[in-house]
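Trainee: The residues making up each chain are set out below.
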Amino acid sequence: MVHEFTCIVCPVGCRLRVDKGGEVSGHKCKRGIVYATEETTHPTRMLTTTVKVNSRVAKRLSVRTSRPIPKAAMFDVMQALATVEARVPVNIHDVIIHNVAGTDVDIIATRRLAT
Amino acid sequence: MTWDIVVIGAGAGGLSAALAAQDDHVKVLVLEREAVLGGILNQCIHNGFGLHEFEEDLTGPEYAERFIDAFHERGIDLRLETTVMGLHETRNGFVVEAFDRRAGKLDIQTRAVILSSGCYERTRGQIRIPGERPAGVMPAGSAQRYLNIEGYLVGKEVFILGSGDIGLIMARRMTLEGATVKGIAEIMPYSNGLTRNIAQCLEDFDIPLYLSHTVTDIRGADRLEGITIEAVDEDFRVIEGTKKDFAVDCLLLSVGLIPDTMVLESLDVKMHPHTRGPKVDHTFHTSVEGLFACGNALHVHDLVDDVSEESRRAGRCAKDYVRKSLGKGETQLELIAGEGIAYTVPSTIDLSRFDDLIRCAFRVKRKAQTATFKLIQDDTVIASRKARFVAPAEMEHIDIGPDDLKGGHAPVTLIMEV
Amino acid sequence: MYDYLIIGAGISGTLIARELSRFEARIIVVDKENDVGNHATLANSAIVHSGHDPVPGTLKAKLAVQGNRLYHVLQKELDIPLRKTGAFLLVQHQEEIPGLERLHRRALANGVETPALLDAQTAKAREPMIQEGTLAALDLPSTMVTYPWEVAIAAMENAMKNGASLRLNYEVKAITKMEDGFLLESTEGSRLRSKVVINAAGTFADRIAAMVERDVPYRITPRRGEYYVLDKAVDGFVKRVLYPLPGKNGKGVLVVPQVHGNILLGPTSDYQDDKENVANHAADIEKIRRDADKLAKDIPYDKTIRTFAGVRASSTYEDFYIEPSKEVPGFYHVAGIDSPGLTAAPAIAKYVADTLLDIGKHYPRKSDFDPFRTKTRAFRSLSDEEQRLKIAENPRYARIVCKCERVTAAEVVEAIKGPLGNDTLKGLKKRIRAGSGLCQGGYCESEVLSLISEVTGKRPDEIDYYRKNTPILKQETKVGR
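Residue numbers (this note's numbering), protein chains in the order written: chain A, 121 to 235; chain B, 705 to 1122; chain C, 327 to 807.
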């Protein structure tokens, strides 16, 4: 399978192609090759989203993954968060869920909600 | 009680300006309409903030918390849930007319004011999209608030007009929350968003981007039922025979932001026709003595890091103004946006206070792979800088110092050569 | 059993109800919408014309001139906004001069107050932003502007105060003639009986009439009019209503200062089959600009905050059709009320009560009729001292919800709960202007929504934007899908 995507390493935005054998083309610099290889072998993303919270000032608490998760796991994590409710007070970077959806990554709060 | 400086708005701009303005001798009061500090950053839950300011990749709320922590540590005076409705000049400053949810109507005396009230979104009416007017058409930022703060999706089948970063970010957010985003239309032949957002917000979810397209019809008597997009030529005229219909229940508009300067209504402030914020000199002083402006209330920024940096300078200038009683100088050197430049901030340089390098912000009119920016005074190039990948959506900067000036008080023009 | 049932809670229906409520009769107004004044009354030029335009001798001419005068009475009694702008009708070409003179004569014949022909210099001195090249003007000083939604709301509130009833969300499905009157049935199966039925159903008048009559004497030919709204920051750009010379499609595109300081540009005039579709069209948006530029120079289009369209209930009958049914006694038409319908409405109401129905013959006057409506004054219009008193009374006056129009949380709550309360975003916008400003609700909408939710107990996603089934929000997230 041939993968085709935009390089995000710099503003040039090269259109990268990675063929079946892992050969990269379309890059204008070496950093593009590294990115392309990562993207095709183990693409990861930082997931930022929200969970329910019983706060006076917001109905949702903003959260993120403690580090990037496999791209393919994004919707599994979203699913796991659909039933979670955080309780105030919440401090920034409090762990809301440990090892979410078996990713070995935590979900942490990105804001403080005292009440 | 009389304050030295009242800061209107406690978002990225106001927090940064207040931190820079306050010290043991300068009494600063911050007024914020919401119940919490941080402004729009609270709903910008995605990451990508702070790469310049902290050399870290933070989410909006995390970025705000850094400033909020510092703000509380310093014990700066604050009124939350307080809306400023007017500013009135007095002999030695201003009366700020404010409504505090708990304390009622307040007339707050101050020597100086920093306006950091942010911006508002352009609406459907302002860009005059034809069609019916059903529910389900709304600015992307409003939808972002409903989703990230209130916990509601504004639609399940979504189309987005405008490919700026807010539009791209919302495409991903709504998809993750279970909506189907059927496409984004952009009237320009290129996206105004960051490459990274094109890749991670659109390509990751196979959301099509229709460049050189715009929305030409909106249908639905009650709730939105569908829209039509059409291709446009270089002059943005619709090309016949390019209609595409989409059945959607929601159209988000990401079509621009405008500085919110409503509280200036009663003052005679000179406004900038392009930025639609006030005109300022290099000390962020508006045409009204004692009134300073920064952040998105001055001109709309694309990076919050730039807002913080600029507002810090504005805060310092306002502090100097009250501490050293530095009034507006007699001689204001004009800074003109010349060929290829949409606008500059500042609009003028106050020569009586021009003693150090200043950082001039500006936007280009066109996209270019490489460009040279030149400052010209009396037909002489007094400073220049080369740049790669310039675009209207990305704010540029150029430094200018007192030693650069060769032609006395003659205006300085900034141009772009491609 | 009601004595009078009025179908349609637009400006005509509500003012008729108020006029009838002066008498000891049982009165009800029904409307298929969830608020009064949701169709033609909602979207028009808001002008109280002088009455210069209709052909002398017609009902339109007579009732427009009378209506214009009656607005002064309504202002005192119902506390409605009225701005005495005056108007100039402008011409730019020599060949238009005879037309201008003809209109002057027509205005005099109709009994319009002090119409006058002005040369270009005089007109320019009084209205500096009129277009260069203006040749002459017809001065129509009795022209005014009002706030049509509020007139309908005020009229209905006052009618209700005097005993009339209102049934919203009542869409008439069938009307049956009975021995002693009529039986109405709604689409939801709700029945109402009345001795007399007055058909003031606007664009739907022919459809309602066909439920009763075999040969309806007119057909409604809806005409769409499109508009621009400029922000109130342009207040004073022109002081007067500016008209061109009327054409075969009506009065043409106008420049109209509004009571709150906005300026309207429009309307266009296009026939359409659809009775309700109020879409804007790209070609009309262009036409408005082209035509408005003929009247005024340097129009600040960059201050546009909205475009909208309305549908006029024009009919195949040239004049207003205000007649008893020729087939069925007790059924009355108030149909074909297009321009100058808003102007004529107070006179239409009197004409219907006194001439058409001759109500005084059947029912005695109420001794305790109260013609006055006391309006809660907008917080923004109060003095500093009054504002402080209000806040002391109710702290929610200190919470500004809509910054553009200075609307407080207390006012939002009152408008939801009021005598003719409404819990839609548009309904509140009509009543207190929350969301009418520059940001068009971007700033206040979510707070208004949560106030509606608080007062009514509705979930945020059950709250409508305007009509039924127009929620702003689609679905709550994180509900354990």
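It is worth saying that the hints were derived from the structure and are not from the lab. Quick caveat, the model's predicted, so the values are computed rather than measured. One or more hints might be untrue.
[Unchecked claim] Cross-link-like lysine-lysine pairs, in silico, DSS-like; alpha carbons within 25 Å at most: (1) A:K191 to B:K886; (2) C:K601 to C:K410; (3) B:K860 to C:K804; (4) A:K148 to B:K1090; (5) B:K983 to C:K629; (6) C:K601 to C:K450; (7) B:K947 to B:K860; (8) C:K784 to B:K860; (9) B:K860 to A:K191; (10) B:K886 to C:K402; (11) C:K804 to A:K191; (12) B:K983 to C:K558; (13) B:K860 to C:K450.
Trainee: Run every hint past the structure and note whether it holds.
Mentor: Hints and how they fare:
1. A:K191 to B:K886: Measuring from Cα to Cα gives roughly 21 Å; hence the hint holds.
2. C:K601 to C:K410: With a Cα-Cα distance of about 32 Å, the restraint between C:K601 and C:K410 is violated, given a limit of 25 Å.
3. B:K860 to C:K804: It holds: about 14 Å lies between the C-alpha atoms, which stays within 25 Å.
4. A:K148 to B:K1090: holds (21 Å)
5. B:K983 to C:K629: holds (19 Å)
6. C:K601 to C:K450: violated (41 Å)
7. B:K947 to B:K860: holds (23 Å)
8. C:K784 to B:K860: Holds, at roughly 21 Å.
9. B:K860 to A:K191: Holds, at about 23 Å.
10. B:K886 to C:K402: violated (54 Å)
11. C:K804 to A:K191: holds (21 Å)
12. B:K983 to C:K558: Roughly 22 Å separates the two Cα atoms, so the pair holds.
13. B:K860 to C:K450: Violated, at roughly 55 Å.
Checked against the numbered hints given earlier, the structure breaks hints 2, 6, 10, 13 and satisfies all the rest.
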